[in-house]
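Using the sequences plus the hints, can you model the full thing?
The primary structure of each chain is shown beneath.
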Amino acid sequence: MRKWLALALVCVACVSIAQVPAGPRGFKVGGQKRAWGVGLDLPPALRSALLSLGRTRYSGTRVVTQKQGPNRESHTEFVITDGIRSRVEFPNTSALRGQVIVEDNEHRRHYMPDKNELHILPPRREQAFGRIAQLGKRKFTFTQTPGGMVAGLNTQLVTVSDPKGNVMQRLWIEPNSGLFVKREIYDRTGALQASFEFTQMNLRPRIDASDFNLQPKGVRIITPQIALNGIIKRERFLDVKFPENGGLQLEAAHIMKIGGQAVLVQNYVGSGHRVSLYQLRASVDPAQLGRLARPEVRTYSWQSSGSSFVLVGDVSDAELRELARRLGG
Amino acid sequence: MNDKLNFDGRMLDEKLAAQAQIADAVKALPEEPLSLAWRSDLNTKLHAMAARRKKLDLFGWIWKPAAGVALAGALAVAFVAREPGMAPVARKSIEKELVNSYVESTASWEVSTDGVSSVEAKEKSTQAPSEWDQEDGSATL
Numbered sequence: 178m179r180k181w182l183a184l185a186l187v188c189v190a191c192v193s194i195a196q197v198p199a200g201p202r203g204f205k206v207g208g209q210k211r212a213w214g215v216g217l218d219l220p221p222a223l224r225s226a227l228l229s230l231g232r233t234r235y236s237g238t239r240v241v242t243q244k245q246g247p248n249r250e251s252h253t254e255f256v257i258t259d260g261i262r263s264r265v266e267f268p269n270t271s272a273l274r275g276q277v278i279v280e281d282n283e284h285r286r287h288y289m290p291d292k293n294e295l296h297i298l299p300p301r302r303e304q305a306f307g308r309i310a311q312l313g314k315r316k317f318t319f320t321q322t323p324g325g326m327v328a329g330l331n332t333q334l335v336t337v338s339d340p341k342g343n344v345m346q347r348l349w350i351e352p353n354s355g356l357f358v359k360r361e362i363y364d365r366t367g368a369l370q371a372s373f374e375f376t377q378m379n380l381r382p383r384i385d386a387s388d389f390n391l392q393p394k395g396v397r398i399i400t401p402q403i404a405l406n407g408i409i410k411r412e413r414f415l416d417v418k419f420p421e422n423g424g425l426q427l428e429a430a431h432i433m434k435i436g437g438q439a440v441l442v443q444n445y446v447g448s449g450h451r452v453s454l455y456q457l458r459a460s461v462d463p464a465q466l467g468r469l470a471r472p473e474v475r476t477y478s479w480q481s482s483g484s485s486f487v488l489v490g491d492v493s494d495a496e497l498r499e500l501a502r503r504l505g506g
Numbered sequence: 106m107n108d109k110l111n112f113d114g115r116m117l118d119e120k121l122a123a124q125a126q127i128a129d130a131v132k133a134l135p136e137e138p139l140s141l142a143w144r145s146d147l148n149t150k151l152h153a154m155a156a157r158r159k160k161l162d163l164f165g166w167i168w169k170p171a172a173g174v175a176l177a178g179a180l181a182v183a184f185v186a187r188e189p190g191m192a193p194v195a196r197k198s199i200e201k202e203l204v205n206s207y208v209e210s211t212a213s214w215e216v217s218t219d220g221v222s223s224v225e226a227k228e229k230s231t232q233a234p235s236e237w238d239q240e241d242g243s244a245t246l
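Residue numbers (the working numbering), protein chains in the order written: chain A, 178 to 506; chain B, 106 to 246.
Accuracy of the hints is not assured; some may be wrong.
Claimed, not checked - Taking lysine to aspartate or glutamate pairs in the DMTMM-like style, the calculated list, with each CA pair at most 25 angstroms apart, reads:
id, chain 1, residue 1, chain 2, residue 2
1, A, LYS244, B, GLU202
2, A, LYS244, A, ASP259
3, A, LYS292, A, GLU266
4, A, LYS316, B, GLU119
Unchecked claim - Some chain A residues flagged as far from chain B (calculated, every beta-carbon gap over 10 angstroms):
id, residue
5, ASP416
6, PRO472
7, ARG502
For the record, the hints were derived by calculation from the structure and aren't laboratory data. Beta carbons are placed, not taken as given, at the ideal position from N, Cα and C, and that holds for glycine.
Put into structure tokens, the structure is as follows:
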């Protein structure tokens, strides 16, 4: 009897060890297996932050600043997070007032009352965490130093640099909770490209389950596929896109102006990578594109039926070529 | 001297008299009236020639400007639209703008996490509803 009891205990112990999420090949958070892993060689604060995805609980005010062309624009967000769920609202003084974003591990719902639309998109938080985890797989270097106080919290600063020593990102992390309380992303010249900073944080918030309800009645449902199909039809672009079940998820589709003409932009995400497909009715120079490429940004272009297609992404040249081949490039 | 002058005067008188005789002979010829048929024929020919000339002038009004426009068009096609089907675009920055667009949108997307990115903030703060219709597949909750 004692033998059987010991054997049972050994089995339980083995199963428990197998469940520990410490492997670099992927782990479970919020009940779901992630497509990306957390490298063991990452600084402790960053490892803690990546492993805390889906386990944090807080509310706070976040200021987001983003550079577009020559301009930097900021907006303020009110954020409530409980595990895998989050809710973002905007102050009454904001141009985005009235809009609400609720995200869980399956969807991101963005309600725009002025348009009476509910946009249903792929969740973004996990992909964003995955991209940070991907940095560990590339030849970036990480350093951890004391980061001082941010939003009243003591932080550790993790600096990410490329092999030449250029600072790519700075991350301020509250080490006990693993919260990212401030983040800065730089371009390769050292200019600040985008940032966010919590100005106020509450790690013991009163959260109601209804905070994550977002089901307004009588609104139009818009998905990225609907948006893309609409643009292709209205603007008479060629119907060239990645299949829905091909490993890449369409995150957004929109029109942008380049050289005075409309360019169709399709943004795809998958496994911590981001790939954009541009379609335009003008010729592009592959040699020129090649010169603009950098280790973390690769390009591939081709022409078909009077249009040019350009793939830009943070994947290898071979992977981009393979993706282009699937589209007829 | 006087003899010589008298001789020249005589010769001139003789020549004038001979011309007068020829004039008299011509006057004496019977006057033959032009035939009406010949005149009619001439008029017809002149009329036909005038009509053809008018036609050529009118055709010139059409083909000369048309040829000019065609030539200008051909030059425009040759110099402006060098690649058929492709719109001319400022060569200097199109590739750079594409790469910059990716870099900026990715940084914005990364930093916004569960909030809004710059593209969303720009597009979705507008009051106008999106131009989706039922054929696009949008549904109403």
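We went through each hint and held it up to the structure:
Of the pairs offered as hints, the one joining A/LYS244 and B/GLU202 holds, with about 14 angstroms between alpha carbons and a cut-off of 25 angstroms not exceeded. Taken as a hint, the A/LYS244 and A/ASP259 pair is broken in the structure, with Cα atoms around 29 angstroms apart against an allowance of 25 angstroms. Proximity of A/LYS292 to A/GLU266 is assessed by CA-CA distance (about 16 angstroms); at most 25 angstroms being required, the pair is judged to hold. This hinted pair does not check out: A/LYS316 and B/GLU119 have alpha carbons roughly 130 angstroms apart, beyond 25 angstroms.
Once the 10 angstroms rule is applied to beta carbons, A/ASP416 is consistent with being away from chain B; the minimum gap is 13 angstroms. For A/PRO472, the non-interface assignment is confirmed: its Cβ lies about 13 angstroms from the closest Cβ of chain B, beyond the 10 angstroms cut-off. Remark: the non-interface label on A/ARG502 is consistent with the geometry, its nearest Cβ contact in chain B lying 20 angstroms away (cut-off 10 angstroms).
The structure does not agree with the numbered hints 2 and 4 stated previously, though it agrees with the rest.
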